[in-house]
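One-letter residues, chain by chain:
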Amino acid sequence: MASLGDVLKARRRRGQRSLLVYLMAGSVPDERYLEVVETLAASGVHGLEMGFPFSDPMAEGPVIQNAATLALSRGMRWGPFLGLLRECSRKLPTAVMTYMNPIEQRGVARAMEEIASAGGTGLILPDLPVEAALPYRKAGRAAGVDTILLASPASPPQRLRRLVRSTSGFLYLVSRYGTTGISGGTLPSARYQTAPLGPLLREAHEFRPRLPVLVGFGVQSPEDVQRHLTEGADGVVVGSAVQKRISEGASPEEIGAFVQSLLPPGSPPV
Amino acid sequence: MPEWYGPYGGSFVPETLVPALKELDAAWRAAHRDRAFRSELQQLAREWGGRPTPLYFAENLSRELGGARIYLKREDLVHGGAHKFNNALGQGLLTRRLGKKRLIAETGAGQHGVATAMVGAKLGLSTEVYMGSVDMERQRPNVLRMRLLGATVRPVEQGSRTLKEAINEALRDWIANVTTTHYLLGSAVGPHPYPSMVCEFQSVIGREILRESRKLWGHPPDLVLACVGGGSNAIGTFHPLLSTHAKLVGVEAGGTGNEGDRGAASIGAGRPGILHGMRSYLLQDEEGQILPTESVAPGLDYAGVGPEHAYLKDSGRVEYTSVTDDEALRMFHRLARTEGILPALEPCHALAEAVRRAPTMRPDEIIVVTLSGRGDKDVEEVVRRGLPG
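First to last, the protein sequences are chains A and B. Counting along the first sequence from 1, when you hit position 232 you're at 232 in the numbering used here, and nothing is skipped either side. If you want the numbering used here, it's the 1-based position in the second sequence plus 1000.
Worth flagging that the hints you see were computed from the coordinates, not collected in a lab. From the three backbone atoms N, C-alpha and C, an ideal C-beta is built for every residue, glycine too. Careful: at least some of the hints might be erroneous.
Sample of chain A residues lacking proximity to chain B, with all beta carbon distances greater than 12 Å (derived) [claimed, not checked]: (1) P53; (2) E60; (3) P62; (4) R106; (5) P126; (6) D127; (7) V130; (8) P153; (9) P156; (10) R159; (11) R176; (12) G178; (13) L229; (14) K244.
Which chain A residues face chain B? A few, computed with CB under 7 Å, are given here [said to hold, decoys possible]: (15) S55; (16) M58; (17) A59; (18) N101; (19) P102; (20) P129; (21) A133; (22) S152; (23) T179; (24) I182.
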């Protein structure tokens, strides 16, 4: 299986847009997780972000928080996670998404090697700032794992350029001021301030033309996908909207139909 | 204003918060140099807050123990009933300087929530406080005080429903509202610049101790103790005394004291890791998942500790130890009956350690304990656990 970053770069070169899906490992039994990943691959999804649960996920909304809590209570650990990663990465190009502390405790170099030997080709850590990314980038390069950095509407131009320069594989652009997740709820953290992404996407593409930029956080409908593609994104990441359906027991057919409704127009499968 | 304390500290946060933390750092540096800011802070601390607080000789307790003389730094007498006022006022004035109109805060024991609610009312800032639902139950009087002061209290139902989860939820709110809102973090924890900024606002405690001791004895105290959860009253007490010869002891919550119970002793039973934007000692399992904590004192019930404490532990300048729930509860009753003071359960941990050490010291030696807050908030909980014999 090609690396996620290479697949996205090739698609950008060909002018094709991409759809990635995020799913928390351990939130459902492994057989069901694999069944869903097979469905995603068959439905034309271009890559998988495989979540490893962390006890205190500060960038997540309620859906992913609950999925992480459930995964930990069901006993998801690093060893079994790598086993599941090995299976999934045969079906879709896969990046791992978690928080810094589990990786730090494993040892950055060791974790990168383990991810690589299980077929993972990227690592995304929402709490890793570019200032602290160097050891990750070095270890990742040695192992063949992209360190994928996140940018935000809050990133000023100078900083955006630094992120664009320092990320590898692709740049993950956060869509808005807010945590992951679908809108709704009563907490003020659920009332999100949106921001126009067009200028950020143009800036990133001008500065590093071959780098794909994908938009994530809160993407849940064909309209959201269309908006971000019109703004100039190379693709989108859908997390909570799929996770919620899976946690509620949706069938593979329903999941397949939902992700197909989000597929960018004219995007042939990998 | 250091960002790093040896290998500890730093700033590990989602990208959306990075510009806000840089803005806060710059505003804080400018305010700190600004005489008008400092003088407004001092005037409000004096006239509205009741500073300076007394250094009180606990004569009855000292006599009973028959060793060193024990003095209490009376932060329980600050407006609102705890040292949390010092930091809340400082950051409140900074919020006005930043031009932001909304405050959010986390609270464990409720004292920081009350202090933030007071400052929000005084400075005309809308205030929302995140509090674990377990803490809301056991610190009910403070929930009512916050509401009476005009703040909204938002219950947090995740995880162990205590301080750690309240911080998570406040951070999530801040990520969503960072352009209009200041996160008034209540302890010397979190990403830079919070640990150094909170330390500076709380250092008024140690500076007053130093000034008063020079006047009373001509030298600093021999032994100084403070309780450590996140560690803001302790760092405020210790920081100005680091360059003196005073022995400094931080006291963590030991929980039940049963075999295998870590309580909330992040330094005593934890190891370095990354949580809430900082690298510091954490209670965590071997894979880096943060462990639940358990303490009778909600203000100490936290799996992390401020990064400067982590550094001071490694350097050996400060000694860290722990006291169990039962020892702290016994101390609550003892201080009430010997000195006529109801102490908060948090500083009861530091007091209990002082009581252990006083008899081994000479009568001409001086112990100072920071009495970080008053115990009114704990009355229901203490009574529920039974009155002494």
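Hint check:
no.: 1; hint: P53; verdict: violated (8 Å)
no.: 2; hint: E60; verdict: violated (8 Å)
no.: 3; hint: P62; verdict: violated (9 Å)
no.: 4; hint: R106; verdict: violated (7 Å)
no.: 5; hint: P126; verdict: violated (5 Å)
no.: 6; hint: D127; verdict: violated (5 Å)
no.: 7; hint: V130; verdict: violated (8 Å)
no.: 8; hint: P153; verdict: violated (8 Å)
no.: 9; hint: P156; verdict: violated (6 Å)
no.: 10; hint: R159; verdict: violated (7 Å)
no.: 11; hint: R176; verdict: violated (8 Å)
no.: 12; hint: G178; verdict: violated (4 Å)
no.: 13; hint: L229; verdict: holds (22 Å)
no.: 14; hint: K244; verdict: holds (17 Å)
no.: 15; hint: S55; verdict: holds (4 Å)
no.: 16; hint: M58; verdict: holds (5 Å)
no.: 17; hint: A59; verdict: holds (5 Å)
no.: 18; hint: N101; verdict: holds (4 Å)
no.: 19; hint: P102; verdict: holds (4 Å)
no.: 20; hint: P129; verdict: holds (6 Å)
no.: 21; hint: A133; verdict: violated (11 Å)
no.: 22; hint: S152; verdict: holds (4 Å)
no.: 23; hint: T179; verdict: holds (5 Å)
no.: 24; hint: I182; verdict: violated (14 Å)
Of the numbered hints given earlier, the model fails hints 1, 2, 3, 4, 5, 6, 7, 8, 9, 10, 11, 12, 21, 24; all others are met.
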